[in-house]
Structure formats: C-alpha cells, structure tokens
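*Asks:* Listed below, chain by chain, are the residues.
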Amino acid sequence: MSVMGLFFILIACIALWWLARQGVLRSSFAEEGEIADFPGAELLPRPPAAKVGLGVFLAVAGCLFSLLCAAFFMRMDAPDWQAPPIPGILWFNTAVLIASSLALDLARRAADRRETDDVKSWLLVGGGCALLFLLGQLWAWRELAAQGLYASSNPANAFFYLLTGTHALHLVGGLAALARTARAAWSGRGGAELAASVELCAIYWHFLLFVWLLLFAMLAGWADNFGVICRRLLS
Amino acid sequence: MLVALIMVAVVAASLLFHFLSPWRMTPIASNWGYIDNMMGATFWITAAGFVAVILFMAYCLFRFRHQEGRRAAYEPENQKLEGWLAIGTTIAVIALLAPGLFVWGQFINVPEGAMEVEAMGQQWQWSFRFPGADNRLGATDALFIDANNPYGLNPNDPRGQDDILASGGDLHLPIGKPIKMLLRSIDVLHDFYVPEFRAKMDLVPGIVTYFWFTPTKTGEFEILCAAFCGTGHPQMRAKVVIESEDDFKTWLATQQTFAQSRRGEAAHDRRASAR
Amino acid sequence: MTDATLGEKENVLPPPAEVEDVELYHAKSWLTHYVFSQDAKYIAIQYAGTAIGIGLVALVMSWVIRLQLAFPGAIPFIDASRYYQAVTMHGMIMVVYMLTAIFLGGFGNYLIPLMVGARDMVFPYVNMLSYWVYLLATLVLVASFFVPGGPTGAGWTLYPPQAIMSGTPGNDYGIILMLASLILFIVGFTMGGLNYVVTVLQGRTRGMTLMRMPLTVWGIFAAAVMALLAFPGLFVACVMLLLDRTLGTSFFMPSIVEGGEHLKYSGGSPILFQHLFWFFGHPEVYIVALPAFGIVSDLISTHARKNIFGYRMMVWAIVAIGVLSMVVWGHHMYVSGMNPLFGFFFAVTTLAIALPTAIKVYNWVLTLWRADIHFTTPMLFALGFIVTFVNGGITGLYLGNVIVDVPLSATMFVVAHFHMVMGVAPVLVIFGAIYHWYPKITGRMLDETLGKIHFWITFLGAYAIFFPMHYLGLVGVPRRFYELGETAFVPHSAAALNIFITVAALIVGAAQAIFFFNVFWSLRHGKPSGGNPWRATSLEWQTPETPPGHGNWGKELPIVYRWAYAYSVPGAPEDYLPQNAPPLKGEHSP
Ligand code: HEM
Ligand SMILES: [Cu+2]
Ligand SMILES: [Cu+2]
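Protein chains in written order, with the numbering used here: chain A, -16 to 218; chain B, 24 to 298; chain C, 111 to 700.
Just chain A, same shape as in the assembly (with noise of 0.2 Å):
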C-alpha cells in the first residue's frame, strides 16, 4: 500500500497547494464588497476547464494505477508467483509509445505556432505510432499466450494481462479524443482551439508514457527491490 500512500500525499500536497493559492487562507468572507477591490486579493486567471478536467482525471486514472501497483506489490510475496518472460516485443513497444508521445508534443508546438499542415502530420504520425503500439501489445499477449502462460496459470501473469489491458483501454479512450482533434485539423478549424486540443492530447500521452515506463519496469521485475522496501516497511 506504500505506492498508494505515495501517490495520496502528492495528491493531497497537490490539492492544499491549489486551496491555498485559491485563497482559501484568506479570509474573504469576512470581507464585503467586490472582490477586485481588496489590494492583492483575486486570485490568478483560471485555466481553461477542459484543461483542469483533464488534470482531475489524471489524478482518477493515476489513482487506479497505483492502487494496481500496490495490488501487484502485495501479491508478489506469495509464494506462488512466478514472472512470465518479458516478451521482447515490448521494446519495440516502448520506443514507438515513446515516439508517438513525441510526436504529439511536435503536433503541440505546431499548432501554437498555427502551422495546420505540420500539426496534421504530426498527429498522424503521433496516432498511427499509438495504433501500432496497441497491436504491439496485442502481439505480446499472444506470444505469452502461445507459450501457455494464461492469465489463470499464475498470479504474474494475471497481472500482466491486466495492468498492460488496464493501459491499452486508456490509450483506446485517447485515441478516441485523438480522432475527434484530427477532424477539427482536417475541418479547418485551426487556431487556439485546435492547439487547446491537441494540448490536451499530447498532456494525456505524456501521462500514458509516464505510466507506461513505470508498469513496465514493474513487469520486468526491476522494482522488486522497491517491492521489498515498501513491504518490510510495513510488515
């Protein structure tokens, strides 16, 4: 539980930061009258909404993931677990995943800079890179699966169907938002609210990689010894 834990105090520190800059510590209901007329007391500009929604769904999917890691962290004590190889597949994977987050950040740029044809190509490249990373992953599961690791022959394997599952329905969801941006590109809609877009699909890459990186070092077995750590910190 110790990832959890991790995560919940970066959460909460998050949250009192964002309360206190949001002048929860002044007192301003004591106060009457406009609020633009009391010297320092408004508060920064807002930032677009779909901008902050995303940022709380962050946290909701960052939640979800920890919790799966700390679920995974607990159950590798048993004795009965037993890692699958890593298919070698998945490095492939990583660097087209790795490629497509980058891809996204150039689509980004682009669009600040207006340049719709660059953008257009981008987010090509940036979708088609994550489409290929899905059947990557799509490719790994059927190698365990041939080799007749099933998700009901060990706990590991389990897992690693279910957190790389787990992920690749995030990715599907963003490249559902992905395909919604694309059509604004080739509508014409340029502008800010196409760069606002694409913004939010190269946020929501960047966190997905991020994750990425992290459940497969996991997988790989390189955060045993984090494993350990937190658990004799706790037992």
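It should be emphasised that the hints constitute simulated quantities derived from the structure, not laboratory data. For each residue, glycine too, the CB sits at the ideal point set by N, CA and C. It cannot be assumed that every hint is accurate.
Here are the simulated lysine-lysine pairs, DSBU-like style, with alpha carbons at most 30 Å apart [to be verified]:
| no. | chain 1 | residue 1 | chain 2 | residue 2 |
| --- | --- | --- | --- | --- |
| 1 | B | 272 | B | 240 |
| 2 | B | 200 | B | 262 |
| 3 | A | 34 | C | 151 |
| 4 | B | 203 | B | 240 |
| 5 | C | 665 | C | 151 |
| 6 | C | 637 | C | 665 |
| 7 | B | 203 | B | 262 |
| 8 | A | 34 | C | 637 |
| 9 | A | 34 | C | 138 |
Some chain A residues flagged as far from chain C (calculated, every beta-carbon gap over 10 Å) [stated by the list, open to error]:
| no. | residue |
| --- | --- |
| 10 | -11 |
| 11 | -2 |
| 12 | 2 |
| 13 | 13 |
| 14 | 75 |
| 15 | 100 |
| 16 | 104 |
| 17 | 117 |
| 18 | 153 |
| 19 | 205 |
A partial selection of chain B residues facing chain C, derived with a Cβ cut-off under 8 Å [what the hints assert, rightly or not]:
| no. | residue |
| --- | --- |
| 20 | 26 |
| 21 | 30 |
| 22 | 61 |
| 23 | 76 |
| 24 | 79 |
| 25 | 87 |
| 26 | 91 |
| 27 | 97 |
| 28 | 109 |
| 29 | 123 |
| 30 | 126 |
| 31 | 250 |
| 32 | 252 |
Following the hints, put chains B and C with the ligands in place on chain A, whose structure we already have.
*Replies:* Okay, now just chains B and C with the ligands, sitting in the frame of chain A:
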C-alpha cells in the same frame, strides 16, 4: 418549546434505557477485563459529550425560539471559544486512545509459554487440534487435505504425527493458563468468537492468524462464527469447555493423535478394499 | 486575462470576468428536452428520482430482514438464501445506489451551478452521459434479481473467497451482475464527479471566492474529490474479483477445499481485497456524510436566521476530514488478520478524525446560540440530524479504538452504529433538503403540517429502531445472522426487543407514504412559494425565475459581494442580505 422538550426527552429516554435495560454484556470469562473497563470509560466520556451537546441544543431551542421582534446576533467566529473546545476534545480523545493502544499492545503480544491450540474453520464447522507430547504443532496446507487427512497436516512433518485431533466438535481448555489460539480456514473467511472471552479474530484461508486469552471461569461457552461465510453461517457453532487442568488432561488423553487417525483410516481402507 | 477595464490598478489582478460562458446547449426536440437533457437541473431530478426509486427497493429489503429477525421462520418465503440476498442488496443499494447518487448526482447537480452562480455544469454532455450510465448500472443491478440463482448474497462487502463460492447465494450470475453494475456505476460516477469538481473550480461567478461559497458546495466538492480518488479502489477490487470469478485467476483466491474438492485457485490474498474495498469503503462514509454536513449547515443557518458559527473552521474541518478519511480504512479490518501493528496506526488516525468532526458539531449547536430559530420542517430535520449524528458519532469512538472494537466488531452494535451515523443521519438531511429546496425546484411549498408529522415519525421511529439495537450488540448478537436460535448468552427478552425494533421499522417505512403524498400533492396544490420563501442569502434563491430557467440567470451572471451567511447583519434593513445584493454603503463602483 415542544421541540426542546422532546429533545430533552430523547436524552432522558436514552439514559434510562441504558441504565435499566436488561441487555448488557455477558459476564466476562477471560482475562480481558481491561476491554470491559475501556468500554466503561468510553461510555462515561462519550455519554457526557452526548448529553452536554443535546441539552445545550435543547436549551438554545427553547431560549432562542422565534418570537415577535427577535433578531439573531451576528457572530462570524470566536476563535478563542473554538480553540478551547478543540483542546477539550483533544484531551478527551487522547484519554480514550492512550489506554486503548496500551491494551492493544498487550492483546497482540502473546505471553511466553502460552499453550498453542489450533482452531480450523470450514463451511460450516469447527475442528480443533492440540500439539502432542513435543508441544509443537505440525505444518499444514490445504493441499494435503483428503478424506484420510481432513486437517491437511503435512504427512511428512514429524512434528505433526503426535498432534491431537479433537473429535466431537468440542474444544476443551484448562482454566487459568494463557492460550494462544491459532486460526486457519480451508475455504472462506470465518471468525472465532466467544462473547464471554471478548476476544475474536478472523480465520483467513491461506494464512494463520492468532489471538490469546486466559480463561478465568469454568463452564461451557458457545463458539460462534462472526464473519459471514455463506448460508450456513449462523449454524457454524461449537462448544468450548473450560475445566480444571486435571479434567482437561483426562479429556485430552481420550483423543486420537494424527498418527493414530491415519492408522485407523488406513486399516479401514484396507478392509474396504478387501471387500 | 483579457479584461482591460481594470487595467489601471497595476498590482491588482482583475477578477475573472464573466466566467467563460459555458456553451449552453439548447434542447431542440422533445427527446433532448425531457429525456436526454443536458441541463444539470433536469439531470439532478433524474438522478434523484432514480436513487429514490431504487432506495425504495432497499427499504422493502430492510422489512424482509427485520421480519425475519423478529419472527424467525414465520414467513416461509424468507429462507436463509433470500435473507442474505436481502441483506446484501439492502446494504449495497442504500450506500452506493441511493445515498451516493442522490447526494452527488441529485443535490450536486442541482445546487452546484446555482450556488456558485454558473449557468450549468462545465461539461453538460458528459454530465448527461453520467446519468445514463448510472441508470444502466441500476438496471443491471435490478436485473440480477431475475437471473437464475438470484442476486448475490455475499454481504455488501463482497468479501472473497466467499462471494464467488457455492456456499453463497447468487454465486453464479448474481455476483457477476453485481460486479458489472458497480464497474458501470464507477464509470458513470467518474464522469459526474469530474463535472462537480471542475465546475466548482472553474464555474464560480465573479466575486465567489472559495471562502465565500456556501458550505453545501464545500461539502459536495470535498465529497466529489474524495469519491474520485476512492472509487478506483472499488473499481480495481471489482475488476480483479470478476477475473477471479470468470477467468479463474487467483488474485484474491487462495488454495481452497470445498466439499472435499480442491478448487483450482491458489496463493491469492483475501486480505488484499479487503484493503482495496475499504480504501473505497471508508471514504464512502464521508462521501455521504460531507454533503450532508454542508447541507445541514445551510439549513441551520437559514432557519435560525444566523450566520453559521465559525465558517473558517467549518471549511477547514471539511478539508481535514477529507484528507484524514483516506487513511483510516484499516479500522474496518482490526480483526481481519492483517498485521496487528496496523491497529495502532489506524486507531490513531481514526480518533484523529473525531476532532474536526466534533468541531463541526459544536459549531452547529453554537449557531443556535442567540439565534432566532424558526421551527420549519427543514429545521426540524436538521435538528434530528444533529441528534442522530452525535449519537452515531460517539459509538464511532468505541469502534475506532482498536481494542474496544474487538468484542464489538461484527455484532449488531456495528449495525446500529453505522445506521445512526450514515443511514438515519444523512437520510434526515435528504428529507430536510427536499423540504428546503422543493420550492425552488417546483415553485410551490410542501405542506408543513404533513412535513412535521413525517419528521416526528421518522426521527423518533428511527431512533427507536437503532438506539436499542446497540444493546443487542453489547450482549453479543452477531450481525448477518439469519437466525440466532437458542443461545445461552442471549436473554430471552431479546426476542421482545427484536419485535419492538421491527414494529418501529415497519412504522417508519410506512410513514414515508406521507412524504410521497406530500411531494406529489404539493406539485399541484402546494402554496405558491415565490422565489425566496425562506428569505435565504445564497445565490440559488436569487434567480430571476422560479423554477430557474434554462441557463439559470437570465442575461447577466450575478456578482457576489459577500459570503453566504449574512443573516441578521447589524444595520441591514432585513435579517438577510443576499450574496449578490450590492454593498450597503454603496461606495464600491464597478
Ligand atoms: C428504515 C430503515 C432501515 C432499516 C430498518 C435497516 C435495517 C437493517 C438491518 C436489519 C440490517 C441487517 C443487519 C444484519 O446484518 O443482521 C441492515 C444492514 C445494512 N444496512 Fe440498513 N436499514 C435501514 C436503512 C439503511 C440506510 C439508510 C442505509 C444507508 C447507509 C443502510 C445501510 C445498511 C448496510 C450497509 C447494511 C449492511 C449490509 C451487510 O451486512 O452486508 N440501511 N439494515
Ligand atoms: Cu461464518
Ligand atoms: Cu470506516
């Protein structure tokens, strides 16, 4: 007016119910009198809080009910008052928590030399096992369970051969000796619960849990299951008999050991296959 | 920021001008107006209606349970399987499908935009989806009543291994539908929750700082944040349990012998499930409680014509409770066989929560001091809440203090405790809130006499159900017992007490008919209320139309000049000053 009166009546009725009700904790039969004391202390502290808050509320309801021309005071905060209330509450909470944690510390630390007894749960019955002459319980695993080995003892563990398997479903224990109950389940969660002992603990399949107590009263008590375990949950009962050391020894001597039970079973099987 | 008019004041950042107007959707057809509406107010009613409807099912289940406990075996229909199915469905529906949905989906949707001065939620389309996914979840749950084997009878905690084994009713289809329904519920809720949180963060009108928001908004906001973080725990637990059940994985399932057969599971950890479940389950208590706290603060303040006492502390207490309640889940597992050292940690955090909670209680009653108390129906319900909540809160001090919990856990004492604190208390608030806001929703008052009758029967009746129930637990009667049978340690008189409780439960249940009659009758025949019948300060009472029209505010968004508790301000002509009424001295020019 009426509202305030009814609120007072609710408090009064609650207190009366508490003091007059015939439904109280069963007479204790173990060393965990501390728990009862804690419960008593908690009652006094919390009841005082409840009565104070509700009576104060009732007083306000009466005193400040709407009347022609009344206007409320404007008083956004009073940090001094709030501070004092917070401090008072903190003290009350610490007064409850500190002794509670202290007793919990005793609860989870088993005294040296406690006698180990195992209770095994399955849907929906109890079975019990005592260490034999070597004073050690043999290893178990659900994987070993079959018709000849319902307890799932490891047949190759020498420590298990002399383990005594209590038949008939009753658990006998000697009075005045600390007992460490080791709990395990072969199917779902159960919970070993004897109201008179105050202590209880879940049985979790896959691991062995424990708790300890010292019986202080002879007699028969009922063992219930306190973790929902399927439709037969309320029927999952057994008896624990607390008796003098001598009576206990006599009873124990009449029980079979694991090795004996295997031999008996094996003979039975041979007869069966010969037929 | 683009607002140029305030440019002269160099060091002052201008206020967020008109909040970016949400792109208002406009219903174009009958279908998008009355069915697939994206108007938060309409969605709120859909949510609340569904929640109350399914809640009635849970109410009927509670009668089934109570009848069996009072008259064991008297009704042949209620056999052990049906009893456990009733207990499970009752608990699960009440907690998740009724309370969570009505507080966040119902009140959250209705009140947040109105109270913060927004035109609608920030993502209306997602908001609509949220409701329909919730409805789907509810329908899947209802469907489980009709599949072979019936709904699951695993207890609302759904603990494995038992939840998916054959000794438990509904282990074939019921449990699968239950898990699927919960997964849907969480997906739907997450959509709604994002909306509530982001609307509070982004949608507040000019001048509505966080520290001027009504406590109702604070409560719902904090609850929504907690729910967003806590529900993933249940989600993970459900998905993994579903895989154990359908694919035969062993996340939670250890080696098991059932009826002499070895099942194919091995090595899993049932305690892992409990951790995940309670990681959600405990915050869930506060997800229900915090909106109730907020609403009750507003009810008390409005009907006592006095500002809420210690607003700052009230807000901080909500935040503190929200943070702390994410780290107390282990108090449900004191005797679960987890590492006993955790007991120390969780006992400390649990009792620490008592502090902000107690402060809230003090501030509610201190608000009554030197107030001008009107005994309207909403006020009565708020007072009833205080009594039941304090009562349930103090028994929480027993159960949170790890060693005292040992004899009491899994007895009727626990059942009595959580019904007082998260059953009766929030339900009283729901009723109070409906009496309070019904005039805004419909433009008509509910009948006060009927309301008072309803209140006294419900409050005193519910107290009579659950107060004595503690004592059964003290005696040692375990919960989730289909029948106690003959026992040496329970006196025979307990049977009489059980009958008394059941009679009270039936009366309370039946009395709800008064409420429903009142709601439907007043729709047509209630006294017209006008826009602000309670003379309240918060923004929802200041809408140009009642019921509020599409977009809530007509042409211009309101500007907020003060907090929501300006009651009986000295020097003011009336005993309340709406949040958007310009300042008295009129010195501030725009
Ligand atoms: C008139 C109203 C109600 C009555 C008479 C009632 C009665 C009961 C009874 C008799 C039980 C079973 C206790 C046992 O295990 O033996 C129970 C369980 C439960 N009730 Fe209620 N209840 C009512 C309202 C509520 C409400 C409003 C909630 C919402 C929080 C609620 C939540 C629960 C939960 C969570 C359980 C536990 C289910 C389980 O053990 O799996 N109940 N109720
Ligand atoms: Cu049981
Ligand atoms: Cu809890």
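*Asks:* Quick check: which numbered hints come out false for this structure?
*Replies:* 8, 11, 12, 13, 26
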